[in-house]
Amino acid sequence: GQQLNQSPQSMFIQEGEDVSMNCTSSSIFNTWLWYKQDPGEGPVLLIALYKAGELTSNGRLTAQFGITRKDSFLNISASIPSDVGIYFCAGHGSGTYKYIFGTGTRLKVLA
Amino acid sequence: EAQVTQNPRYLITVTGKKLTVTCSQNMNHEYMSWYRQDPGLGLRQIYYSMNVEVTDKGDVPEGYKVSRKEKRNFPLILESPSPNQTSLYFCASSPDIRQHNEKLFFGSGTQLSVL
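Chains as they are written, first to last, in the numbering used here: chain A, 93 to 203; chain B, 16 to 130.
A portion of the hints provided could be inaccurate.
[What the hints assert, rightly or not] Partner residues aside, some chain A positions facing chain B, computed with beta carbon under 7 Å: (1) Q101; (2) F104; (3) L137; (4) K190; (5) Y191; (6) F193.
Calculated directly from the structure, the hints in this document are not laboratory data.
Please read these numbers as outputs of a predicted model, since none were measured by experiment.
All C-beta atoms, glycine included, are put in the ideal place defined by N, C-alpha and C.
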């Protein structure tokens, strides 16, 4: 099945630094979702985006729906140790009944 | 509390012994889906259901069965498990995937090991 190209695959950053990651698709999407997953746990929805160009924040997290509708970006500002985990995107196009998932960005924060 | 509940959380079984992983949601969602997550492969869809009595194959349906007799429940059945079905499984639900403002909510996962 199709998967989204998510980058970077992993990041090691210092506490307090900002983080950026992105997802790209060969298809146009109507919805982008961003999740965080802790080891052995279920993904938790962070941000949902529904319109091209939309910029949405959730605390220190900000995500954008790309203008081309083929990409999305997630930024984390002033990272803290509890930001550690795997972040992944999911996209959904019109006329389909399935979500496509990115392969994830593994984030590690060094105190 | 609105949630997707999977059971069991951990399961160790032997090859060929039929098992069922249950999934229940209390949000009156129409859409439910099962995924497996394997290292390096991300989340792959096994089966999904648009509503009661409506199910369809995802990307990796071989070796699995599902049923949707009630709106809230969507069990995953492995009739004859094999070691290559060792994986972390997630159930998820959404109000209506055809709407333009849907969100997908996941359960906490079931770690299955088939010996």
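Against the structure, the hints come out as follows:
1. With 7 Å as the threshold, the beta carbon of A:Q101 stays out of range of chain B, its nearest partner Cβ sitting at about 10 Å, so the hint is violated.
2. The criterion of a C-beta within 7 Å of any C-beta in chain B is not met by A:F104, whose closest approach is roughly 19 Å, and the hint is violated.
3. A distance limit of 7 Å between C-beta atoms decides the matter here; for A:L137 the minimum to chain B is near 6 Å, and the interface restraint holds.
4. For A:K190, the shortest C-beta to C-beta distance to chain B is roughly 6 Å, which falls under 7 Å, so the interface hint holds.
5. The beta carbon of A:Y191 comes within 6 Å of a beta carbon in chain B, closer than 7 Å, and the hint placing it at the interface holds.
6. Proximity of A:F193 to chain B holds as hinted, the smallest CB-CB distance being about 4 Å (cut-off 7 Å).
The structure fails to meet hints 1, 2 from the earlier list, while all remaining hints are met.
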